[in-house]
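**Q** These are the residues of each chain, in order.
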Amino acid sequence: MIRVSNLTKRYGKSVVLDNLSMNVPKGAVYGLVGPNGAGKTTLLKHLSGVFMQEEGECLIDGQNVYENPQIKKRMIFIPDDLYFFQTFNTEDMVKLYKNVYPKFNMERFLKLKEVFPIDTKKKISKLSKGMQKQVAFWLGICAMPDVLILDEPVDGLDPVMRRKVWNLIVQDITERNTTVVVSSHNLRELEDICDHVGILHGGKIIIEKALDDVKSDIHKVQVAFRQEFPQEISNELKVLHHQSIGSVNMLIIKGEMEKIREVMSKHDPLIFDIIPLSLEEVFIYEMGDKGYEITNVII
Amino acid sequence: MKSQTSLFNKGLFSSVIKRYWWISFLYFATQFVTLPMVLMLKKPDYIQQYSRNYDLSRAFSNTAMFTIALLYIVPIFLAVFIMRYLQTTKSATMIHSMPFTRGQILFNMTLSGFLLFSAPILLNALALLYVKNVSGLSFLFKQGDILYWLGFSILMGFLNYMICVFVGMFSGSSVAQGILTYIFNLLPFAFYLIYVYFCDYFLYGFEAYFDESIFSWLPFVKITEFYTGRFTWVEVTCYILAIIVFYMLSYIAYKYRKLEWAQEIITFPFMRQIFKYGFTFCVSTFGTMYIMEMKGDSYIWVSLILWALLGYVAAEMMLRKSFKVFDSYKGFLGYVLAMALVVAFIEFDIIGFEKRVPKPDDVARIYYNDSIYTVRIKEAGKYDYDILDMETKIEGRENIEAIINYHKEIIKNRDPEDETTKHDTIIYILKNGRMMARSYRVDYEKYLEIIKPLLESEEYKKNIYPVYRDIDPSYITEITLSLNDGSSYTLHNTTLISEIIFAAKEQIAGYSYKDVGLNPSGNYISVRFEHLKKDNKTGRIKEHRTTLMDVYSKSDPLYKYFEEKGLLENVMQELTGIDEIRYEIYNQVTNETKETVVKDKDEIEKIIKEIFDLHENRVYYNYNNVKEPTNKRIYITFRKGGKIIRDYTEYYFYENELPSFIK
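Here the protein sequences line up with chains A and B, keeping their order. Numbering (the numbering used here) for the first sequence: 38 to 336. Numbering (the numbering used here) for the second sequence: 369 to 1031.
Now the stretches of chain A that chain B is said to cover, found in silico as 3 or more residues with beta-carbon under 8 angstroms: (1) 76–86; (2) 126–137.
Reference excerpt, derived from the structure (chain A facing chain B, CB under 8 angstroms, subset only): (3) Y48; (4) M89; (5) E104; (6) P106; (7) F114; (8) D118; (9) Y120.
Residues from chain B that keep clear of chain A, each with C-beta distances beyond 12 angstroms, as calculated: (10) L515; (11) Y595; (12) F599; (13) K750; (14) T789; (15) D792; (16) D838; (17) L851; (18) K905; (19) I976.
Hints were generated in silico from the structure; no laboratory data involved. Heads up, the beta-carbon is just placed ideally off N, CA and C, and yes, glycines get one too.
Let the sequences and hints guide you as you build the complete structure.
**A** Structural data, given as structure tokens:
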């Protein structure tokens, strides 16, 4: 669906995106993670056709996004810092959207009116930031996009509002199989919603994975043996991390679960548990494996 | 697929209208109040009076001038507002994430801008039409006037709009966009002024002539010419083309403009360099021009460098939006070096401007002591000549050679430029059709011998003394003799006129090169030859041409003729019957005034004669050594029956010329 290859972007002399490539399959919810200033917004502005790429390509369904209204009609970009015309209220924006997005669904808009407690006759610029974000989502979802690009969608919102926004996104995904790219500097927030995650660091996507793969690939194992910890295990399995408290060992192991069970059972452990990893932990170890110090990359 | 081919988008278009209709409305209201309403409120009697005193054809355009002046402001204001979407990151992101190409955005912005700008004008044109047809003021202006106003306003205003949009592509700040638009419009003037000013300073012989006419096509200048009502179809076509060109250029720039440049003063990196050094250059030159006008040229180098430094630092601060700019000193050094090369290039006259003197064979004619402006008119054959006008054109081969020799000598000598020197201009028209103009300040007396062939030539005498030409005596309708004391006598007798002309020719024929070349001071009698024709019905003067000649001494043929015919007595008649003369001598040093009263008849006659003869001796005005007058000021009154009939005020005398009765 979305294919970015060898994208490079410079601001003056500093390179923000450095020969970056990424892939988002159709219907995926792609979480783009990276610290502040990693270039998430810059990348999203390329995906949404706002920025012109200097080098490389930014394709949706095989077509360049930049200056391509046909593609952009099927896509909504909700930036972090929203902008609405000074004098416009929500109704004015609806009129504008109707003329701009051919698939704009008025029924849906009216139906969602129950969800959003917003006065549509009030100037949007007079609404609070949270309200403005809701308006943006409301309008965006009603444009019936195939692709939804969200830059820090819940940044600066209170927990109730966060819940609400995430729900809306999830609802839309499940209803219409929308492809979503969502950025955040917070992995935990993306955990429940994303099925793909890409980590942006130093202008590159350093890791890009489907979450199912990630989770089935790395395992947290709690194991205790009667005798000393058998060193063979370290040779047979790929241990990313090892910590021992007394006789109890905490291992992070990369590999298939079956193989881990097989190897462990050979040594007849007293305790043997495989504990689910949080997404954050997965990436900490994945990246440690690739030589990145996690604290530098994800705050 | 239909939408792909259509540039127009209703949503985008109407969003602009919706946001900025108020500008349009204000524009309409201002125009309405100042034009149709003012015309409506004019009282009939005022208009009748007006029509008696003024040219009615101007009545409309004079009233419309204010609305025309708005063309300098409103379109630029409007364009800055409409282009605002591009100048902040947030709005630029919003608009450009929508499914439009940049071509579509620009098209809709321009179209809505056009509507917002032209609708008020159109409405007011309708209001004017109403005023004309309903209010009974129809005689005040024609339907054509309204149409002209409408067309002129929309065309010139929208051109300004488009220029502002174009400039906006190169700026990421609304304020800068507005200011840069005005600068852009005035830039040709500024550069030309710098060129003329500094060439005049650095190049010896450069004729500093600021030719405004070459800018008449500039929109900012053209707007001022609304009242003339002259606007050819060629011009209209050119301005329409200019609008299209600026649209296309804006589109091209827009295509390459990066959105992250919003909020920068200057967008494109190459433009930043041009801006930086251009700004430095302009601040440096204009600052120096100011200093030179105030304090003279002694500080020129310091001034050029200091102002450049100021400009450079200011430009760098604006571009970086920071005060930390001092690490970029290399750019400044580069600028100074480059400018030093340019100045050296001019100073050492690499192109040979200062030493260039044409060969006599290459010269078709010379205009000696004329301005480039008039020479252009004369060369175009549009000069309204009269036989009594002075002429500057020299065509005789020997005279051309004399001027060229003179020119060479000037270049060799390089006289200092001070107030005592004479300003001389030589304009060559070369055989290849080109013009070469030089002007100098010269110590003229030094060159008299060199230029003697010219000064004594028939051609030159005919040039500067129109009476010397083959003139038809009947063309001169009157001759006035004026004496230095203010008395004058006008004669219309045709016989006398032809005889005076004859005597004048005789006198001119006898002039030496000194008589011609130097301006003798202290003329005795001034003779004015006039061609005057009046309209029989109105009594107004239809034609009036005049030329002057001076008589300096009693040995001049003209004086002899006047004496012979007793004409001078006519002039002096007024002075008979004087019964009292008083003279006050004021001494400037002691601050004392001494008054003397003369009542003796013989004494009175003697004084009159002496004063009349004072200027008999010819004195050449010397540019170098202006003689200091004495510190005595004399105030003389001639009285008849107690009444002052003539007075001489502020009479300064040279020490050796003091009248005998004063000593």
